[in-house]
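Line by line, the protein sequences are chains A, B and C.
For the first sequence, position 290 (counting from the first letter as 1) is numbered 289 according to numbering that gives the first Met the number 0, and the numbering increases by one without interruption.
For the second sequence, position 121 (counting from the first letter as 1) is numbered 120 according to numbering that gives the first Met the number 0, and the numbering increases by one without interruption.
For the third sequence, position 288 (counting from the first letter as 1) is numbered 287 according to numbering that gives the first Met the number 0, and the numbering increases by one without interruption.
Just so you know, nobody snuck in bad clues.
Some residues of chain C that are not near chain A, with every Cβ distance over 12 Å (derived):
(1) L107
(2) P108
(3) L230
For each label pair, taking beta carbons as the anchor points, the in silico distance ranges come out as:
(4) A/N97 <-> C/G98: 50 to 56 Å
(5) B/F136 <-> A/E331: 38 to 44 Å
(6) B/A31 <-> C/L293: 33 to 39 Å
Just so you know, these hints were derived from the structure itself, not from any lab.
C-beta atoms are modelled at their ideal positions from N, C-alpha and C, and glycine is treated no differently.
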Amino acid sequence: MKRAFTAALAFGVLAWASSALAQPLQFWKFGTAEETANIVLQSWIDEWNASNPDTQVEARFIPWADYTGPTLTTAFAAGTGPDIFWVSPGLFMQYVSNGIAADLSDVFTPELRADLLPAAVEAVTVDGVPYSMPFEQEPVALFYNPELLAQVGADVPKTWEELLETAELLQAADIIPIVIEPAPGFYQNFTWYPFLWQAGADVADPDLTEATFDSPGAAAALDLWRTLIQEGYAPRTAPEGTNNVTSTPFASGQAAMQVVGMWAIAPLQSDFPELEFGVTHLPAPAGRDFVTVYGGWTQMVNARSANVEGAKRFTEWMWAQDVERPLEWVTEANTKFSPRTSVTAAGAEFYGQPHLRDFRDDILPTARAEPRYPSEMVLIVSEALQASMFRNTPGAQAAAAAQRELANYIRTLD
Amino acid sequence: MQHAFDIRRPSRVRARRRRSTAKVLGTIGVYALCIVIALITLVPLLWMISGSFKTAAEISQYPPTFFPSTISLDNYVEVFTTVPFLRFIFNSFFVASTVTIVALLLHAMAAYALARLRFPGRNIMFYAIIATLMIPFSITLIPSFILIRSLGWFDTYWALIIPAIPNAFGIFLLRQFYLGLPDELEDAARIDGDTPAGIFWHIALPLSQPILATLAVFFFLANWNNYLWPLIVTQSPEMRVIQVAIASFAGEHTTAWHLIMTGSTLAALPGLLLYLFLQRYLIEGVKLSGLK
Amino acid sequence: MSTNAPRRQRLSSRNLRERITGYGFLFPDVLGLLVFVVGPIGFAFYISLHSWTALSPMRWIGFANYTRLWSDVRFWDSLQITALYTIIYVPLLLAISLGLAVLVNQRLPFMPVFRAIFFVPVVLSLVVSSLMWRYIFDERIGLLNYLIGLLGIPPQSWLGSVELALPSIIVVSLWIQMGYFMTIFLAGLQDIPREYYEAAMIDGASSSTAFLRITLPLLKPTTLFVLVISLINSFQVFDQVWVMTRGGPASATRVTVIYIYQQAFQHLNLGYASAMAFALFVIILVVSLIQFRLFRTRA
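Chain A extracted, bound-state conformation (with noise of 0.2 Å):
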């Protein structure tokens, strides 16, 4: 009787554990199902399916605009959280911190490690144990219109002193100088940082245990955009993200430089095919080095999921084998980098297209990744350059203000 029942709770574990893993993982990632970058996702995903009957993969797209905020969110409060989904930076840490991020040590193979990036693997990394897949990165830089600047008789401006002459030129000419996000959250973050790191500063150490932002260079840097703003050299408003460069003046040859990233290449060459267009690094202060930002989502294995190694092995399949599908995903889906320089060096031709080359060999080189910090941290930034920007508050008033927020807020940190 005993030897029944123990084989019928074992059959019902196995059925239960074989139903758990019968049922397919669920990859989310932002967008329809229409667009071009996730019919390739679709194509691995049967591909995968073909050939792994017990590890099915579905996906799910999800709009953009509510993809991290309420749609992740929510369903992570309810337990029904998807297997296989992609982070943000901004996202990185609240996943960590939350268990919910699952380790791939064992995906993180030698060869792979040889192969990725240092700094794509730091950004993944927490104490020594990645937490999720890179898989792209898009360097910000700035695009010029040659033809505009032709018209004041400028140069392509290299120091931010530079910058602002050849933005009076440009004003007086009735051009717009140059566009920059005036809107408050991430993306005006992101494209920020590489001016405060171009003066020497930064918001907080690496290992967020010291607020450093109370400096000459953080002051500088809110007041170069605060001059821009409040001179009137970039626009105060924009009718949608300026990270969606086709509509922006830029786009319609009425603004001669903006700060925007890769991506923006591909829209621009199909949309505005007479729009011609250069691309070089950010300016810097005076004998600066360069500096600019990445940006790129990374892939998550839900460490709660029902079938944690047969999302790994998938997620491995995808970006850490061959070099095929992240190859089609730089090249054929996107307009990106890879963190893995044997991708980089298969796409040698692709890459040495105009613009792509510059990108590549000019301003990859010199490109940080995007920070991962908690969003309170974000907030505060973002309130010391937006009352900057809109309030003309001194550089060193805002970055004074803010350093005390940071130095409160990362006390409370453990």
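Since chain A is already given, all that's left is putting chains B and C on it; use the hints.
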């Protein structure tokens, strides 16, 4: 000797002419004002419709153009062929209509009870019902989602329809309306021996046509335009509603504004048509004179 | 009717039937509200007594969230902005929508057409309307700056300046909502029998007197509704602000629900966000109760 009437007549004529000139000027003023306001309200609609005919490149131009350079139906074709837009329209329509019909009936009953029937606890219930409007949706989103999940309604029409039916707004509006009905109506019916329920069915409900028509449009629109809740509680493409579909046209690096304009033009039609259709219920006033 | 009879015996069968009908009529809606509205609200209150990131289990902290918001400068700033928004928006909305309703209620040709046109903003999606208004408010190529330029006024940055952003959003909100409340007032106006006006005309009353003596008093229930609802809505304004400015520039338009939303879905402080929502709830409740008092109708 002129008749007394004749002496008065010139000033009467003058007065009448003064009144009619004033009336004409007043009417012109009314129309002028209406036209100005109409322009203010219509410009965005016309811009949206014109956007639905523009190409993706033209629509992003800065400064934006008002009239499309060419009128092409490509966007409409694209909207219907690249995504199952008809299915989305059906989903939204089915949900909005069902909610509207059921909700109207239930709210009319509840509102009538709150306005015209007497029972203990009536006022407290009324205030409690209104109080449910005072909590922002952001906060109840997650609890509601957990509830739907535990009921097993995720990704079904139930999740879209049932929670949308109980609604303090509709109850409140109808209750105010029923408050305004003269008592004589019910007294007459009561004398005739009608039950409270019967008074509701035979007298109050027929009289509420204008307000029910108004509420029908509001409820339909509220559910038709609903975005965040359907986004959270549905997943499969077959269950998607129209606003989620339109939001999907906005991407990480580019936004397909031409498709958003097209989708939004299509989305605006049912609401407008419903309003036009129900207008006649709004202008037919309540004729109470017969009952006096 | 004898007033000495004990209450119990005065409960006639008529009264009993009325009570049963009353409860019966209310039952389906109240049940629905309890399950789908009050339930989640109750759970939200429960959440406010915890610290919760949605990604990990909840942690009980009692009323700590409430004491925290007491000293949160951003929360009080947001309340100030919301109050300012409400004080300007609600009276304007009332006046405009009532005015429109009176305007189009007249028996003149084409009025139904105008009624439909004024209702259009309600039908348009917020995304489309907000984009259009962002272009209208654009500092370089916007229609508004063009028009005021004709009057000799220099161009303004409407959504990009700390002083003008909130008034600009109020204008957009009015534009969106006026047709909505106009329709409600219209339904209320239809309710007033024409005979009253005819009698007044015969008595020699002017149209403004008729308006003050007949229309306004009989519109009291409708006006109370519009007032309460528009107040509740404006304290909770979110959508159009989020789409047009995200609470900027420099937090000049960061109304309370935007701050709550950010705390909930960006900072993952769900408990804290809930607590703020309930603090806001208390404020809205008190204000609404005051209105009901002031507008006491024979209820």
